[in-house]
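Number of protein chains: 2
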Amino acid sequence: MQDKEPFLETLRAIVGAPNVLTEGDLSAWELDWRKREHGKALAVVRPASTSEVARVVQACAAAGVSLVPQGGNTGMVVGSTPDASGTQVVLSLTRMNRIRTMDAANLTVTVEAGCVLQNLQEACEKEGFLFPLSLAAEGSCTIGGNLATNAGGTQVVRYGNTRELCLGLEVVTAAGEVWNGLSGLRKDNTGYDLRHLFIGSEGTLGVITAATLKMYPLPKSMLTAFASVPSLEAAVELLGLAQQQLHAGLTGFEVMGQFALSLVRKHFPQQNVPFEGDDAFCVVLEVSDHASEAHARGLLENLLEEALQDGCVLDAVVAENISQARALWHIRESIPLAQAQEGLNIKHDISVAVSNIPDFVRETDAQIAQAFPGARMVNYGHLGDGNLHYNVQAPEGSDAEAFLRDQEKPINAIVYAQVERFQGSISAEHGIGTLKREKLAQHKSPVALGLMRAIKLALDPNNTMNPSALFLP
Amino acid sequence: MQDKEPFLETLRAIVGAPNVLTEGDLSAWELDWRKREHGKALAVVRPASTSEVARVVQACAAAGVSLVPQGGNTGMVVGSTPDASGTQVVLSLTRMNRIRTMDAANLTVTVEAGCVLQNLQEACEKEGFLFPLSLAAEGSCTIGGNLATNAGGTQVVRYGNTRELCLGLEVVTAAGEVWNGLSGLRKDNTGYDLRHLFIGSEGTLGVITAATLKMYPLPKSMLTAFASVPSLEAAVELLGLAQQQLHAGLTGFEVMGQFALSLVRKHFPQQNVPFEGDDAFCVVLEVSDHASEAHARGLLENLLEEALQDGCVLDAVVAENISQARALWHIRESIPLAQAQEGLNIKHDISVAVSNIPDFVRETDAQIAQAFPGARMVNYGHLGDGNLHYNVQAPEGSDAEAFLRDQEKPINAIVYAQVERFQGSISAEHGIGTLKREKLAQHKSPVALGLMRAIKLALDPNNTMNPSALFLP
Numbered sequence: 001m002q003d004k005e006p007f008l009e010t011l012r013a014i015v016g017a018p019n020v021l022t023e024g025d026l027s028a029w030e031l032d033w034r035k036r037e038h039g040k041a042l043a044v045v046r047p048a049s050t051s052e053v054a055r056v057v058q059a060c061a062a063a064g065v066s067l068v069p070q071g072g073n074t075g076m077v078v079g080s081t082p083d084a085s086g087t088q089v090v091l092s093l094t095r096m097n098r099i100r101t102m103d104a105a106n107l108t109v110t111v112e113a114g115c116v117l118q119n120l121q122e123a124c125e126k127e128g129f130l131f132p133l134s135l136a137a138e139g140s141c142t143i144g145g146n147l148a149t150n151a152g153g154t155q156v157v158r159y160g161n162t163r164e165l166c167l168g169l170e171v172v173t174a175a176g177e178v179w180n181g182l183s184g185l186r187k188d189n190t191g192y193d194l195r196h197l198f199i200g201s202e203g204t205l206g207v208i209t210a211a212t213l214k215m216y217p218l219p220k221s222m223l224t225a226f227a228s229v230p231s232l233e234a235a236v237e238l239l240g241l242a243q244q245q246l247h248a249g250l251t252g253f254e255v256m257g258q259f260a261l262s263l264v265r266k267h268f269p270q271q272n273v274p275f276e277g278d279d280a281f282c283v284v285l286e287v288s289d290h291a292s293e294a295h296a297r298g299l300l301e302n303l304l305e306e307a308l309q310d311g312c313v314l315d316a317v318v319a320e321n322i323s324q325a326r327a328l329w330h331i332r333e334s335i336p337l338a339q340a341q342e343g344l345n346i347k348h349d350i351s352v353a354v355s356n357i358p359d360f361v362r363e364t365d366a367q368i369a370q371a372f373p374g375a376r377m378v379n380y381g382h383l384g385d386g387n388l389h390y391n392v393q394a395p396e397g398s399d400a401e402a403f404l405r406d407q408e409k410p411i412n413a414i415v416y417a418q419v420e421r422f423q424g425s426i427s428a429e430h431g432i433g434t435l436k437r438e439k440l441a442q443h444k445s446p447v448a449l450g451l452m453r454a455i456k457l458a459l460d461p462n463n464t465m466n467p468s469a470l471f472l473p
Numbered sequence: 001m002q003d004k005e006p007f008l009e010t011l012r013a014i015v016g017a018p019n020v021l022t023e024g025d026l027s028a029w030e031l032d033w034r035k036r037e038h039g040k041a042l043a044v045v046r047p048a049s050t051s052e053v054a055r056v057v058q059a060c061a062a063a064g065v066s067l068v069p070q071g072g073n074t075g076m077v078v079g080s081t082p083d084a085s086g087t088q089v090v091l092s093l094t095r096m097n098r099i100r101t102m103d104a105a106n107l108t109v110t111v112e113a114g115c116v117l118q119n120l121q122e123a124c125e126k127e128g129f130l131f132p133l134s135l136a137a138e139g140s141c142t143i144g145g146n147l148a149t150n151a152g153g154t155q156v157v158r159y160g161n162t163r164e165l166c167l168g169l170e171v172v173t174a175a176g177e178v179w180n181g182l183s184g185l186r187k188d189n190t191g192y193d194l195r196h197l198f199i200g201s202e203g204t205l206g207v208i209t210a211a212t213l214k215m216y217p218l219p220k221s222m223l224t225a226f227a228s229v230p231s232l233e234a235a236v237e238l239l240g241l242a243q244q245q246l247h248a249g250l251t252g253f254e255v256m257g258q259f260a261l262s263l264v265r266k267h268f269p270q271q272n273v274p275f276e277g278d279d280a281f282c283v284v285l286e287v288s289d290h291a292s293e294a295h296a297r298g299l300l301e302n303l304l305e306e307a308l309q310d311g312c313v314l315d316a317v318v319a320e321n322i323s324q325a326r327a328l329w330h331i332r333e334s335i336p337l338a339q340a341q342e343g344l345n346i347k348h349d350i351s352v353a354v355s356n357i358p359d360f361v362r363e364t365d366a367q368i369a370q371a372f373p374g375a376r377m378v379n380y381g382h383l384g385d386g387n388l389h390y391n392v393q394a395p396e397g398s399d400a401e402a403f404l405r406d407q408e409k410p411i412n413a414i415v416y417a418q419v420e421r422f423q424g425s426i427s428a429e430h431g432i433g434t435l436k437r438e439k440l441a442q443h444k445s446p447v448a449l450g451l452m453r454a455i456k457l458a459l460d461p462n463n464t465m466n467p468s469a470l471f472l473p
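Just so you know, the protein sequences line up as chains A and B, in that order.
For the first sequence, counting from 1, position 129 maps to 129 in UniProt numbering; every step adds exactly one.
For the second sequence, counting from 1, position 325 maps to 325 in UniProt numbering; every step adds exactly one.
Accuracy of the hints is not assured; some may be wrong.
[Stated by the list, open to error] Cross-link-like lysine to aspartate or glutamate pairs, in silico, EDC-like; alpha carbons within 20 Å at most:
(1) A:K347 - A:D406
(2) A:K4 - A:E23
(3) B:K444 - A:E177
(4) A:K439 - A:E408
(5) A:K220 - B:E301
(6) B:K220 - A:E301
(7) A:K347 - A:E301
(8) A:K444 - B:E177
(9) A:K220 - A:E233
(10) A:K220 - B:E306
(11) B:K347 - B:D365
(12) A:K35 - A:E408
(13) B:K220 - A:E408
Rather than coming from a laboratory, the hints here were simulated on the basis of the structure.
Source: prediction; values computed, not measured.
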C-alpha cells in the first residue's frame with residue numbers, strides 16, 4: 001500500500017479515530033502471549049458493533065488488506081497477532097463485550113465476542129447458572145477467542161470443549177456479510193452446520209462477533225479429591241471407575257506426574273503438596289452433585305474406598321471445604337509456573353485415546369530418555385479427555401536455553417511420531433496458529449488437508465482472513 | 001448414458017455381480033419411507049468395504065453418474081432415494097454393518113455405516129455400556145443414516161443429537177478419496193472440524209462409511225413418570241425444575257397435547273392412558289440414576305411433590321417397574337400411529353427456544369383455528385429440546401385427503417412464518433432431503449445459503465453426491 005492514509009481514514013470513519021491505533025506502543029496487540037513473536041500491525045482497529053465489524057471487513061476486502069481477528073490475545077500458538085510485514089490489520093473485538101440476553105428457561109446466554117470469560121462465568125453464576133468453560137487464562141481471554149480456538153480446559157470431561165457449549169453464532173464473513181445464526185436451538189437440521197465450521201477455524205474463515213451459549217443449573221455441591229496412584233494404568237482404571245459410579249457427576253479428572261509435582265514443591269514450598277514419595281502419579285478428581293454435599297461426599301468416599309481396595313489408588317485426601325479444594329486445584333494449576341521457574345522447556349499439547357495414554361507415555365519417555373539422557377519429563381494434563389501436556393525439561397544443571405534451541409526439533413519429532421503412531425492429535429486444545437502450521441502440514445492426513453484448503457478457498461477466496469494461520473503459504 | 005452396460009460391468013467388477021441390482025422389484029431402495037416418491041435407480045450398488053465404496057465413487061465420478069447414499073431408508077424427507085430419471089446410482093451401505101472395535105477405557109465404539117442402530121445399542125449394552133441414541137426407527141435405521149441426517153430422538157435432552165455422540169468419521173469424498181478421521185479423540189484442535197461438516201450433510205458432500213462414537217456407562221436405574229400439567233407454560237416450568245434438581249439425571253422430557261392423547265385412547269383403547277380430562281397437556285419424564293433405584297425414586301418424588309405444590313403439575317404417576325415404564329413411553333410413541341389411523345394430516349418438525357414454546361403454540365393454534373375452522377392440532381414432541389411435532393389433522397368428519405391436498409400449503413405458510421418469527425427451525429430433526437428444499441430456500445438466511453452453496457461447490461464440484469437433496473437446482 002503506497003499511501004495508507006486514505007485507507008486509515010476509511011477505517012476511522014467506521015469506528016472513530018480513537019479506535020484506529022497506529023502510533024505508540026502497540027505490543028499489547030502485536031506481541032503474542034508467550035512472547036515468541038512481535039509482529040507489526042498496519043493498524044489496530046477496535047469496532048464497537050457487529051455492523052462496524054462488517055464495514056471494517058468490507059473496507060479491508062476492498063483494499064486487499066488482510067485481517068487478524070483478536071480477542072484477549074492469550075493464545076498459545078501465535079494465532080492472533082499480525083506478522084512482521086506491517087500490512088495486516090488487527091481487528092480487536094474487546095470493545096464488543098456485552099452480554100446481550102440471558103434466557104433462563106432455554107438455559108442460554110447470548111454474548112458478544114469480546115466478553116471476558118470470567119465476566120461471563122460470574123454473570124451466569126449471579127443468576128444461578130453455571131457456564132462451565134474454565135481455563136487458566138479465564139481472567140483475560142474472551143469468548144470469541146475461546147470459540148475461534150475451541151478452547152478446552154478443566155471441565156471438558158463433563159461439559160465438552162467450547163464447541164459443545166455453543167448453540168449459535170453471529171459471524172461476519174470474509175465478504176463482510178453478517179450471518180445471524182444466534183438461534184439458541186438445541187435441534188436444527190437445516191443444512192450444513194456452519195457453526196461448527198467457524199468454531200475452531202482460528203479466524204481464517206470469518207469473524208465471530210457473538211454467540212449463544214449453553215448454561216447449566218449450578219451444582220448444589222462440588223468436592224475435590226487428591227489421590228496418589230501407582231501408575232498411569234491405575235489412573236486410567238480409576239477414571240473408568242469414577243465414570244461408572246459418578247457418570248456426569250465427574251466434572252474434573254487431572255493427572256500429574258511425580259516430577260511435575262516435585263517442581264511445585266521446589267518452587268512453591270508454601271504449597272502443601274500431598275503424597276511426597278515414589279508414587280508415580282497423582283490425580284485431582286472433582287465431583288459435582290445436584291443433591292447435597294452429604295450425597296456427594298458419600299459417592300466420593302465410596303469411590304475412593306473401592307479404588308483403594310482395587311489397588312488403583314494408594315492414598316487419597318478429600319477437601320473438607322472450598323479453600324482446601326482450591327488449594328488442591330492450585331497445585332495442579334501451578335505446574336506450568338513451576339516449570340517456567342525451573343527453566344525453559346519443550347512443550348507439547350497432545351491427545352490420544354484414553355486407553356492409549358499409558359503406552360504412549362511409557363514408550364515416548366523411553367525413547368526420549370535414550371536419545372537425550374537426563375532429560376526430565378513433565379507429564380500432566382486432562383486425563384479424562386486423553387489430553388496430556390507432555391513437556392520436556394533440560395537435564396538438571398544443563399543450559400536450558402541451549403537445550404531448547406538444539407533439541408526442540410528432534411524431541412518434537414519423537415513426540416509427534418508417537419502421536420501419529422497412536423492416531424492422536426498434535427494439538428489437543430491450543431490450536432495451530434502460525435506456530436504449528438508446519439507440523440500440521442507434516443502430520444495431518446493429506447485428504448483432510450485437501451478438504452480444509454478447498455473450504456478455505458471457497459469461503460475466503462482472497463485469503464484475507466488471518467492468512468498466516470493454519471496453512472503454510 | 002447411451003449404453004449402461006460397460007458402466008455396470010465396472011460396478012460389478014468392484015462389488016461383485018450379485019451386489020449390482022438393476023432388475024426386479026427395487027422398491028425397497030427406490031421408494032421412500034413415507035411412500036411419497038417412487039424413484040428409479042440406474043442401479044442399486046451394495047459395497048462391502050470402504051475401499052469398495054471409494055472405487056464405486058471413483059467409477060461414478062469418471063462416468064459423470066450421480067450417487068444417492070442410503071442406509072436403512074427410514075428418512076422422513078425423501079433424502080435417500082433416487083429421482084425418477086433412472087440415471088442415479090443408489091449406494092446402499094447395509095452390507096457394511098460390522099462393529100469394528102470397542103474401547104472400554106476410552107468409552108468409544110467404532111462401527112460401520114450400515115450397522116442398524118438397535119444392533120449397536122444391544123452390542124454396547126452387552127458390554128455394560130449405553131449408546132444413548134434412541135428413536136422410533138431404531139430397528140431398521142443405520143448409523144450412517146443417523147449421522148448423515150444428525151438424527152435426534154428421545155434422549156437428546158441429556159446426550160445431544162447424533163452429532164454430539166460422534167468423535168470421528170471415516171468418509172469417502174466426492175473425489176473417491178478415503179478420509180480416515182476415526183481417532184476417538186475427545187480433543188483435537190488441528191484445523192477445521194470436517195466431522196461436523198459431514199454430519200448432517202445428507203450425503204451431499206461425501207459418503208460416511210464408519211464412525212467412532214461415544215458410549216456411556218449404563219445407568220443403575222431408570223424411572224419414568226407421567227404427569228398432567230395445566231398449560232405449556234407449566235410444562236416449561238416443570239422442565240426448569242427438573243433440570244435444576246436432576247441435572248444430567250434428566251434423560252427424557254416429552255410433552256403431549258390432550259387431543260394427541262385422545263387419538264391414542266380412540267385408536268388404541270387397550271392402552272391405559274392416564275389423566276383423561278380437560279388438562280391441557282401431559283408430560284413423560286425420565287430419570288436415569290447412577291446410584292440406585294431408591295435414590296432415583298427419592299429424587300423423582302421430591303421433584304413431583306414440589307411441582308404439585310407449585311401448581312405446575314396437576315397429577316402424576318411413577319412407573320413401578322420396567323413394564324409400566326415401557327407402557328408410559330408407549331403412549332407417547334403411539335401418537336404418530338394414532339394420527340395415521342385418524343387420517344392423513346399435515347406434519348411439521350419444528351423447533352424454537354424452549355422459552356418460546358408456549359407463545360409459539362398459542363399464537364399458531366389461534367391463526368390456524370381462525371383460517372381453518374375445525375382443524376385439529378396434534379401437538380407433541382421433545383419439549384426438553386424445544387422440538388415439537390406440530391401436526392394438523394383435518395376437521396372431524398371432513399375429507400382428509402382433500403384437506404391435505406388443498407390446505408397443506410397455506411397451513412405450512414402459517415407455521416413456517418411463525419417459526420421464522422420466533423427464530424426457530426423448519427426442520428429440527430428430520431432434515432431437508434428433497435421434500436423440504438424449497439422451504440429451505442424460502443426460510444434459511446441468504447447468507448447461510450450462500451455459504452452452504454460455496455461449500456458444496458468446493459467439496460463436490462461436479463455435483464454428483466446426492467444432487468437432489470438440500471439445494472434447489
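How the hints compare with the structure:
no.	hint	result
1	A:K347 - A:D406	holds (14 Å)
2	A:K4 - A:E23	holds (13 Å)
3	B:K444 - A:E177	holds (15 Å)
4	A:K439 - A:E408	holds (13 Å)
5	A:K220 - B:E301	holds (18 Å)
6	B:K220 - A:E301	holds (18 Å)
7	A:K347 - A:E301	violated (35 Å)
8	A:K444 - B:E177	holds (15 Å)
9	A:K220 - A:E233	violated (32 Å)
10	A:K220 - B:E306	holds (17 Å)
11	B:K347 - B:D365	holds (14 Å)
12	A:K35 - A:E408	holds (17 Å)
13	B:K220 - A:E408	violated (49 Å)
In summary, the numbered hints that this structure violates are 7, 9 and 13.
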